[in-house]
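Novice: Residues per chain are reported as follows:
2 protein chains.
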Amino acid sequence: MQPIQFRVTCESSNTWARLGELKTPHGVIETPVFMPVGTQASVKAMSPRELVEVGAHIILSNTYHLYLRPGHELIDRAGGLHDFMGWNRSILTDSGGFQVFSLADLRKISEEGVAFRSHLDGSSHFISPEVSMEIQMALGADIAMAFDECAPYPADYSYTKESTELTSRWARRCQAAHTREDQALFGIVQGGMYTDLRRQSADDLVSLDFPGYGIGGLSVGEPKELMYDLLEVTVPHLPKDKPRYLMGVGSPDCLLEGVSRGIDMFDCVLPTRIARHGTVFTKNGPLTVRNAAYSEDFAPLDPGCDCYACQNFSRGYIRHLLRSNEILGVRLTTIHNLRFILRLMENIRRSIAQDTLPELRASFLEEYNQGHI
Amino acid sequence: MQPIQFRVTCESSNTWARLGELKTPHGVIETPVFMPVGTQASVKAMSPRELVEVGAHIILSNTYHLYLRPGHELIDRAGGLHDFMGWNRSILTDSGGFQVFSLADLRKISEEGVAFRSHLDGSSHFISPEVSMEIQMALGADIAMAFDECAPYPADYSYTKESTELTSRWARRCQAAHTREDQALFGIVQGGMYTDLRRQSADDLVSLDFPGYGIGGLSVGEPKELMYDLLEVTVPHLPKDKPRYLMGVGSPDCLLEGVSRGIDMFDCVLPTRIARHGTVFTKNGPLTVRNAAYSEDFAPLDPGCDCYACQNFSRGYIRHLLRSNEILGVRLTTIHNLRFILRLMENIRRSIAQDTLPELRASFLEEYNQGHI
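Going down the list, the sequences are from chains L and A. The opening residue of the first sequence carries number 6 in my numbering; numbering runs sequentially from there. The opening residue of the second sequence carries number 6 in my numbering; numbering runs sequentially from there.
Hints listed in this document are in silico derivations from the structure and should not be mistaken for laboratory results. Remember, it's a predicted structure, so these values are computed and weren't measured experimentally. One or more of the hints may lead you astray.
To be verified - For each label pair, taking beta carbons as the anchor points, the in silico distance ranges come out as:
# : chain 1 : residue 1 : chain 2 : residue 2 : range
1 : A       : T14       : L       : D126      : 15 to 25 Å
2 : A       : G84       : L       : E371      : 32 to 42 Å
3 : A       : R278      : L       : L370      : 43 to 53 Å
4 : L       : L370      : A       : T184      : 31 to 41 Å
5 : A       : N352      : L       : D88       : 46 to 56 Å
6 : A       : D81       : L       : R328      : 16 to 26 Å
To be verified - Computed far set for chain L versus chain A, every beta-carbon distance over 10 Å:
#  : residue
7  : P8
8  : K49
9  : M51
10 : D208
11 : D258
12 : K288
13 : A298
14 : L333
15 : L365
16 : L370
All C-beta atoms, glycine included, are put in the ideal place defined by N, C-alpha and C.
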């Protein structure tokens with residue numbers, strides 16, 4: 006018996022979108038789904054009950070950060086990540102690869118794994134596919150991710166080819182090292198910006214028969230159209246009956262385009278990060294409520310929004326809070342941005358059920374791109 | 006008809022403590038009561054619904070800060086402070102005096118009022134009793150405070166005498182300038198550390214017949230025993246049928262001692278401020294959960310506490326959050342500290358009703374002062 010079960014419940018007739026149900030040891034998730042990011046075992050500024058309120062059913066947490074602080078062994082002794090952070094819905098942990106590769110000068114890659122220095126204190130560490138599995142099994146998320154190399158952008162063909170092949174070899178080692186039975190392990194498709202490498206990577210991974218597949222190495226600086234093209238090349242090589250997870254993507258337009266190309270899962274720091282800088286999503290596009298223009302604007306952040314921030318507070322008040330460095334300010338913008346994205350996902354799922362996703366995409370993007378008047 | 010009504014519902018037989026009911030335009034408050042401080046129109050790290058959850062019925066906000074940012078006129082246009090900050094229970098605003106006098110080199114006092122420079126941008130301002138009333142009427146709290154001079158500690162007799170007399174003259178000007186009918190204006194008793202000046206100030210103020218009285222200029226660095234002695238000198242000069250508010254006091258021991266000496270209202274930044282530095286109240290005294298000693302302590306902050314933090318999270322997790330600069334950390338310590346103080350006030354009120362306040366005071370302080378083992 007697999008730790009997770011996935012079934013497609015409805016398919017779009019005129020896009021590749023599908024509705025699905027993903028069962029984990031911690032609940033049932035309707036897909037397509039967006040996963041808020043809780044890097045250090047906390048979705049920044051949010052409490053678990055607020056995450057439930059905005060409609061989150063699964064969150065992502067970062068293996069690299071938790072390994073360094075407070076340490077996966079401590080979290081294991083606390084009863085695992087769910088108990089440690091007081092979140093009893095589902096969790097996915099990344100492999101630590103992406104963060105380690107982002108360290109640039111601080112890391113060195115070999116066939117065996119990656120040696121790196123901590124961004125916190127400069128101490129030396131080594132993560133291999135086996136170590137990543139050990140850490141993720143200790144954290145005990147519902148879904149773990151294979152340890153991959155995410156090639157930089159841009160990268161030449163030969164570097165990307167070697168990197169993609171390394172990712173395939175590492176995926177096999179991850180699978181061999183992963184033994185936790187209440188946790189699923191997803192493979193990650195790489196291949197950079199090269200269509201043949203994407204196809205090859207997908208075929209390699211699928212031959213290993215993972216219960217789900219991440220698509221990594223996209224949204225790393227390339228034009229969005231290129232990302233969409235690469236999805237169209239990759240997705241047909243993935244099995245229809247397994248969840249497909251586009252890693253690190255979460256702007257409203259990319260969510261709509263990703264779902265239309267058959268993606269089931271997304272994560273991104275964007276909604277929470279821009280919230281902390283005073284920018285909120287609205288149906289008319291992003292609005293920087295920190296700006297002086299909103300000091301006497303007593304309308305909600307996004308009129309019509311059902312979130313706690315919009316139901317109770319004005320742009321003018323939230324602008325005052327942000328400007329005065331009051332914590333409540335970023336709490337309210339974060340609640341709003343997550344609710345905005347999670348409600349968009351609800352609308353996307355409803356439109357797939359009604360087979361009207363292209364209409365939703367067109368009307369949403371028209372209003373969104375028109376901006377504020 | 007007065008904007009507020011106060012009635013004593015029960016008196017302690019062996020202390021000066023009493024139970025009361027304070028009705029304002031925004032609700033009924035059981036006294037003795039503690040008021041959390043929301044300096045900049047936000048109780049730091051808390052949302053209004055969390056304030057309701059921890060049991061707050063009235064909060065204090067600071068006139069000086071709101072005058073400078075976002076400005077009382079803006080708050081007036083937003084419909085007043087209650088609407089602006091989304092808090093529909095009671096509010097008390099201070100007069101701005103205490104903050105202005107804390108500016109030290111940046112202010113100059115005259116009979117007319119106080120000239121000062123903003124701590125934010127150095128701009129020049131002038132607050133007089135009349136200006137303080139204008140600002141507080143625009144803010145629209147349920148209770149406004151007279152503009153007083155709070156003498157520094159220590160201060161010699163002649164400085165304190167002049168300052169106290171100035172406060173009495175200013176109180177009269179405040180009363181003349183205050184015209185808002187849905188807002189009560191409290192006088193403030195000063196007199197520094199001198200018993201005769203305390204008595205004189207109380208008599209001066211009482212002759213003006215305010216609907217309530219603040220006791221200011223205490224807890225400014227003097228020994229606690231001296232503060233208790235001065236309360237014993239002052240309180241008998243205040244009318245029995247009006248609320249008595251000990252300003253800026255809120256440590257657990259001072260709350261118990263203040264109530265025992267006939268105080269009905271308190272405010273203090275202490276619970277929220279130490280929370281942000283990682284220290285929490287427990288029945289065994291303060292605990293600095295930020296310390297490494299608590300990294301693997303998976304007990305609640307204060308076992309037996311009914312707050313959201315204690316019901317759902319461990320010391321080890323909260324320590325991790327604080328150390329990682331995660332906002333949720335200070336949110337949880339703040340919720341806990343406010344709930345701890347507000348539950349202490351609930352227990353104090355219950356003990357007055359049962360005429361067992363001395364027993365509560367003895368048993369609470371014995372456990373509290375014993376510290377952690």
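Novice: I want to verify a distance hint. Is the separation of the beta carbons of T14/A and D126/L within 15 to 25 Å?
Specialist: Taking Cβ atoms as reference, T14/A and D126/L lie about 59 Å apart, which means the hint is violated.
Novice: Minimum Cβ separation between D258/L and chain A greater than 10 Å?
Specialist: holds, 28 Å
Novice: L370/L clear of chain A by more than 10 Å, beta carbon to beta carbon?
Specialist: holds, 32 Å
Novice: For D208/L, is the shortest beta carbon distance to chain A beyond 10 Å?
Specialist: It holds; D208/L is separated from chain A by about 40 Å at its closest Cβ, greater than 10 Å.
Novice: Given a hint of 32 to 42 Å, does the C-beta separation of G84/A and E371/L actually sit inside it?
Specialist: Cβ of G84/A to Cβ of E371/L: about 35 Å, so the range 32 to 42 Å holds.
Novice: With respect to the beta-carbon atoms only, verify the hint that R278/A and L370/L lie 43 to 53 Å apart.
Specialist: holds, 47 Å
Novice: Would you say L365/L is clear of chain A, with no C-beta pair closer than or equal to 10 Å?
Specialist: Since the minimum Cβ distance to chain A is about 32 Å, L365/L lies beyond 10 Å and the statement holds.
Novice: Go ahead and decide if the range 46 to 56 Å is satisfied by the Cβ distance of N352/A to D88/L.
Specialist: violated, 31 Å
Novice: If I claimed the Cβ atoms of D81/A and R328/L lie 16 to 26 Å apart, would that claim hold in this structure?
Specialist: This hint holds: roughly 19 Å between Cβ atoms.
Novice: Classify the label on L333/L as holds or violated, using whether its beta-carbon is more than 10 Å from each beta-carbon of chain A.
Specialist: violated, 5 Å
Novice: Would you check whether the claim that P8/L is not at the interface survives, using Cβ distances to chain A and the 10 Å cut-off?
Specialist: holds, 25 Å
Novice: Hey, does M51/L actually stay past 10 Å from chain A on C-beta?
Specialist: violated, 7 Å
Hint violations for this structure: numbers 1, 4, 5, 8, 9, 14, all remaining hints satisfied.
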